[in-house]
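Student: Keeping their order, the protein sequence lines are chains A and B. FYI, in this note's numbering the residues of the first sequence are 1 to 535. FYI, in this note's numbering the residues of the second sequence are 1 to 535.
Some hints here could point you the wrong way.
Because identical chains cannot be distinguished in the list, a pair is counted as satisfied if it fits within a single copy or across any two copies.
Distance condition first, Cα-Cα at most 25 angstroms in a straight line; then the derived DSS-like pairs of lysine-lysine [to be verified]: (1) K144 - K300; (2) K261 - K195; (3) K166 - K213; (4) K199 - K261; (5) K199 - K227; (6) K195 - K213; (7) K213 - K199; (8) K80 - K527; (9) K417 - K144; (10) K432 - K166; (11) K381 - K144; (12) K261 - K213; (13) K527 - K253; (14) K351 - K472; (15) K213 - K174; (16) K451 - K381; (17) K362 - K472.
No lab work stands behind these hints: they were computed from the structure.
Number of protein chains: 2
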Amino acid sequence: MEQQRSVTADGEVLTRRRFFEGLAAFGGVSLVMAGMDALGFGFSSAQAAPPSLTGGAKGTKVVILGAGLAGMTAAYELTKAGYACQILEARAFAGGRCQTARKGFQHTDLIGHSQTCDFDDGLYINHGPWRIPYHHRSTLHYTKLFGVPLESFVNDNDAAYVYFEKGSGPLAGKPIRKGQIAADARGHAAELIAKVASKGDLDAALSPADRDKFVAYMINEGRLSPKDLAYTGTDGRGFAVHPGAGVDPGPGKPSVPYSFKDVLDSNAWRVLSSVAGYEQQRTMLQPIGGMDQIAKGFEKQVGSMIRYSTSVEKVKQSPTGVTVSFRDAAGKVGEIQADYCVCTIPISVLKNIDLDVSAPFKAAMSGVSYAPVNKIGLQMKRRFWEEDHFIYGGHIYNDMPGIGTITLPSTGWQGQKGVLLGYYAFGGEAVKVSMKTPAERAAFAVAAGQKVFPEYADSFETAFSFSWHLAKENLGGWAEWNEAGRRDAYPVLCQPDGRLYLAGEHLSYLGGWQAGAIESAWQQIGKLHARVQQA
Amino acid sequence: MEQQRSVTADGEVLTRRRFFEGLAAFGGVSLVMAGMDALGFGFSSAQAAPPSLTGGAKGTKVVILGAGLAGMTAAYELTKAGYACQILEARAFAGGRCQTARKGFQHTDLIGHSQTCDFDDGLYINHGPWRIPYHHRSTLHYTKLFGVPLESFVNDNDAAYVYFEKGSGPLAGKPIRKGQIAADARGHAAELIAKVASKGDLDAALSPADRDKFVAYMINEGRLSPKDLAYTGTDGRGFAVHPGAGVDPGPGKPSVPYSFKDVLDSNAWRVLSSVAGYEQQRTMLQPIGGMDQIAKGFEKQVGSMIRYSTSVEKVKQSPTGVTVSFRDAAGKVGEIQADYCVCTIPISVLKNIDLDVSAPFKAAMSGVSYAPVNKIGLQMKRRFWEEDHFIYGGHIYNDMPGIGTITLPSTGWQGQKGVLLGYYAFGGEAVKVSMKTPAERAAFAVAAGQKVFPEYADSFETAFSFSWHLAKENLGGWAEWNEAGRRDAYPVLCQPDGRLYLAGEHLSYLGGWQAGAIESAWQQIGKLHARVQQA
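Just chain A, with the same shape it has in the complex (with noise of 0.2 angstroms):
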């Protein structure tokens, strides 16, 4: 669920890299590395497959609480190895944050505003994780074992708009295509540096034959004239005419490069890196119908173990097992006995429950806190970023308060009708959205959208909202640990308390990710299963 760009208070685009800057003013080094955990940038999977369970489970009853995928991957792993295992699941179905909205899809958020999704047949909103990156193997692991078909996710557009309404100059509040901003700040850089370095300026950092490279590197990077060193424009920023057939138009007929103060006048060269984040990068995947696809691969496993709409009361623990108690849907309340229990439930939900557990782990429940995080779909009845604009997936940046990014989907191109992501914001900003009903929320995304695509508000149709600090299973889309959780809490809850184990994303420095949730409970009930070996 993670997304690398966020927007301050006062609207300026927040990339991790720079939030993390503003924490290395405040408190220095350690801080931004407790940060870039917190956010879980540039995570990558660090296993691959799951832990060898072998040697029997010696009669062990195992109960899981929450049917999440961290939830589900302890059940499947651990009934392979001969487990006996039972899940509760508060709400009606299984995924956890897994999840996708299409027909029908019904969610009351805290606040009593009731949704039911109403898109067409065939179109739908990833509101929870929606893409796969390529390290991720964890996730990629179970997409496919259980047959999950992929496909690509175009996380990275150069087509796609760059909208800076806060920058200055003549580039602010226009919507202009990334390949563009691209092409033109990294061909004026370069020729500012290949100059410098011909003239022999950088020779106490390079040799002189390195100097030759990497002038020569320059002028490959930002397509400079080889005479002249000059950028005078490129044809991947596009053309004034497009070339064609025959003479007219023939070659048709360059564009214009924008000058390099305009271009840093309007601050849209913030959406440009040497390299994308690590989990930014291509290649990144999604389920072909939804990322709910990897929920129902699990539930085909293990389905018949769960527990559904079940809420845990109290959990109590004794020398020799667990009991849960838990209310069901229809008021029903019942207890559930077992030899040990792996809970993934999200803290910021857990802090709630009735737990038997030590003083110090209790307080180390209080280290960790959830992020406000809202997601819109909006059914558009006509794909007109990609008739009018040839924009084929991938995110409009932008630094609009409280919408984050728009993101145009990967999925049924060239269809009539589409669902885009209408804003994806986390923060302050998003809570103040988030306050507003379910009509209030599409218009306020419907008129931010309007502001990049003229066709915006003419096409919208019906939208569906989440937002996850208001779901009352989850209270936030992801934990958040600042440094001194993740030195104090953070390895507390790490280690099973009596014969309870966590597992979550929260557990993992893959924050708000699948792979985070699913190498979690691969190492928790690998603790688990060493310590009925030993038993």
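Fit chain B to the given chain A structure using the hints.
Tutor: For chain B alone, kept in the frame of chain A given last:
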């Protein structure tokens, strides 16, 4: 079919940019422009929709030579407008260069080498055109019209290897991830220039206010430390130990950047530029199941008009019509009479046909040459590039002579087997490789790939290779115009000669692209129709 990089005789990777530099050194700017035309560099589609052919066909008969995309486009649009069309096609199937090799596909080249494709069911190689830029609206017009489902083509992959064996230093001959080269080359360069700028040494070029923004941009671009403007690596280049769950691996360990000297020596920076060439930009698309789905889409519409396996031997004109003499597969000769002829036969082949045209027109036909182009599909019994290297699609840029690029498939993610593109090369090295037997070509391609992937040779099962200059219906991959040809010959061939209209990618500035064929056909039938209206 265009590709962005070729290789010189001495094995240096020749980006198009560098190729143009060579031309510039040789003949100045106008030769560069002609060279850019010849390679179709940066060309985008100019026409989004076919011409409107209103006013009736007045009983006009048109004979169309060639059932490639140009010919079938002409037949489809003219028929819709009321014309009576017939198509003669030398091959036993429609599509021209829009071909896909799958199990049972047969080809015998001019040397006499016969191959029958033996890929497993469901696997294929697009040995002709293989990707559609998002701005080729003409091609996308027909995929939408004919309901040809599309998927993303991964044309740029941060995780894909770059392999330069002819560089120097410790990185030469080592597969390196493209993202690592991007992070390190740009990071080190950004450090150099940010330091120069912050000392005020660029103040002639930048105002003090611009200087601050410029340094901020460089910090963002190069992921520099804001404190001392140093580049010390970034998560974008990957990790020494990947982050994961719990405390071990927990946050993981960062990776150490390559030195700037090593990066410069390696030549791997040649793969970097400010933005991809326009025709290579994201998002690119491909038909699900093979490029020939486009040909089949057309064939469904115009197949009944096609006379297959029929070679044109002579085209005779009179003041009132055209007579085309042909020979079919059984050796039977025949004639077709029509009011007009649209001829889409590549000029390389047309030169050898008895064509009744004016002397200037005939002379103009010698103003164009055709590119030698090779492709080979290699079926691998295991998708080791995904399983072991976590590379999902994209190109392996390299400087191995005769290889061009190796490209991993953008479809069938996580399947068991896959067909990768073992080489895509043009020019003199391609001619050399095409002289080998099919088995030798496969061995050549496998030996090259083995240098990048240790699993290559062990995984190889079967190959299918194709050399367009050895296909008797093509005699080359695409038309190549030099400056004189574009100036003197091209405009002549764009005009009708009597009742004969040429059409095809060769009469466009979208050389080698399907869009060039389609838009040329649109343009020429527009002229033909205007003439019929005036008659």
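Student: Take the hints in turn and mark each one as holding or not.
Tutor: Right, here's what the structure says about each hint:
1. K144 - K300: within (14 angstroms within a copy, 36 angstroms between copies)
2. K261 - K195: both (18 angstroms within a copy, 19 angstroms between copies)
3. K166 - K213: Cα proximity of K166 and K213: across copies only (14 angstroms, versus 39 angstroms in one copy).
4. K199 - K261: Cα proximity of K199 and K261: in one copy and across copies (23 angstroms, 19 angstroms).
5. K199 - K227: Classified as within: same-chain Cα gap 14 angstroms, cross-chain 27 angstroms, threshold 25 angstroms.
6. K195 - K213: both (13 angstroms within a copy, 20 angstroms between copies)
7. K213 - K199: So K213 and K199 pass the 25 angstroms test inside a copy (14 angstroms) and across (24 angstroms) alike.
8. K80 - K527: within (16 angstroms within a copy, 71 angstroms between copies)
9. K417 - K144: between (30 angstroms within a copy, 13 angstroms between copies)
10. K432 - K166: within (20 angstroms within a copy, 57 angstroms between copies)
11. K381 - K144: between (34 angstroms within a copy, 16 angstroms between copies)
12. K261 - K213: Between. Shortest inter-copy distance 9 angstroms satisfies the 25 angstroms Cα cut-off; intra-copy 28 angstroms does not.
13. K527 - K253: between (65 angstroms within a copy, 23 angstroms between copies)
14. K351 - K472: within (13 angstroms within a copy, 75 angstroms between copies)
15. K213 - K174: between (37 angstroms within a copy, 19 angstroms between copies)
16. K451 - K381: within (18 angstroms within a copy, 50 angstroms between copies)
17. K362 - K472: within (21 angstroms within a copy, 78 angstroms between copies)
Hint check: no violations occur; every hint is consistent with the structure.
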